[in-house]
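> Kindly generate the complete structure, drawing on both the sequences and the hints.
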Amino acid sequence: MRPYNENLAIGPYTYRIRTTLRNVAAGLQALYRDFPRADASAFVDFDIALRSHGILPWRKLSRFGFDGRDQFGPVPVHQAYASLEWGMNWCVSVHCNEYLKLHAAVVASDAGAIIMPGVPGAGKSTLCAALGLSGWRILSDEHALIPPGSRQVVPLCRPVSLKNESIDVIRSFSRDAVFGPPSLDTHKGTVQHMKGDLHPESHATDPVPVRALVFPRFSRDEPQRLRARPRTVSFVLAAYHSFNYSLLGEDGFHAMRHLVEAAPCFDLVYHDLEWAMGALERMPAGEALPQSAEMS
7 MRPYNENLAI GPYTYRIRTT LRNVAAGLQA LYRDFPRADA SAFVDFDIAL
57 RSHGILPWRK LSRFGFDGRD QFGPVPVHQA YASLEWGMNW CVSVHCNEYL
107 KLHAAVVASD AGAIIMPGVP GAGKSTLCAA LGLSGWRILS DEHALIPPGS
157 RQVVPLCRPV SLKNESIDVI RSFSRDAVFG PPSLDTHKGT VQHMKGDLHP
207 ESHATDPVPV RALVFPRFSR DEPQRLRARP RTVSFVLAAY HSFNYSLLGE
257 DGFHAMRHLV EAAPCFDLVY HDLEWAMGAL ERMPAGEALP QSAEMS
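In this text, residue positions in the sequence shown follow my numbering: the first is 7, and each later residue adds one.
Treat each hint with caution, since some may be false.
Simulated pairs of lysine to aspartate or glutamate, DMTMM-like, Cα-Cα distance not exceeding 20 Å [unchecked claim]: (1) K66 x D191; (2) K169 x D278; (3) K66 x D53; (4) K194 x D174; (5) K194 x E171; (6) K169 x D182; (7) K169 x D191.
Keep in mind that the hints were calculated from the coordinates and are not lab data.
In structure tokens:
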């Protein structure tokens, strides 16, 4: 495997990514092969390098570099691909405050985009991957980028991060899923990324109107349901899932208020992917369901 050195156009940003690590280069070739390449003379937003670290041959480590400096501590080489994707997330989380940013998966159909904020383990990435493999457009698995004062979300399509049993769930769900190298024994367990640009418009950069905010939660024991959620409670929870709500101050408050007032909000509890996808397909457009209404 030859060294990897590409300028990738990803949503509104350009990443320069360089590595000589074979497993990372193989993952990039598999998961980013169809991403547009930026011109070599174009401005680079994020300059990233993954390199080997240390001199002990029995302890192979790697480091994530940003703008020519090591940014984090070394990790085992077999975890290097996950550290690359996490580092790419970090670039946007820390440096891009022209948008209100929510930690959320974002998918879209002809009816518009659905923002799905959620804590780790809530099932948002698993649901995002299944929807992408079923014809929906994946706009992001990590960041909902909201231009302040708008009811739109800016696409930032990248691979979908799956963990532990979710990997096998998606492998069983569709033979069309393309995976990068597994990263074993991370602080999140086994992590593997799935190719996310599956839709003909995956690399379009125009903002997409937001259809709804849906707060998903995977539960094996509870009844499945899609239920309208009060906007006031949704505001608080969406702010909790924001990377920069507090940093933006008053602008963040008004941006979040505008989004939550404009888009109906729902709770989604599920344990069956087919049921959850059907519930999202049937979700009413426009105003939210009355608080007593429920789809089950």
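> Next, verify each hint and record whether it holds.
Status of the hints after comparison with the structure:
A hinted pair counts as satisfied when its Cα atoms are at most 20 Å apart, and K66 with D191 qualifies at roughly 15 Å. Using a Cα cut-off of 20 Å, the hinted pair K169 and D278 holds, with the two alpha carbons roughly 17 Å apart. Simply put, K66 and D53 have alpha-carbon atoms about 23 Å apart, too far for the 20 Å limit, and the pair is violated. Taking the CA atoms of K194 and D174, the gap is near 16 Å; set against the 20 Å cutoff, the hint holds.
Taking the CA atoms of K194 and E171, the gap is near 12 Å; set against the 20 Å cutoff, the hint holds. For the given pair, K169 sits about 18 Å from D182 by alpha-carbon distance, which is consistent with the 20 Å threshold. Between K169 and D191 the alpha-carbon distance is near 11 Å, which keeps this suggested pair within the 20 Å criterion.
In summary, the one numbered hint that this structure violates is 3.
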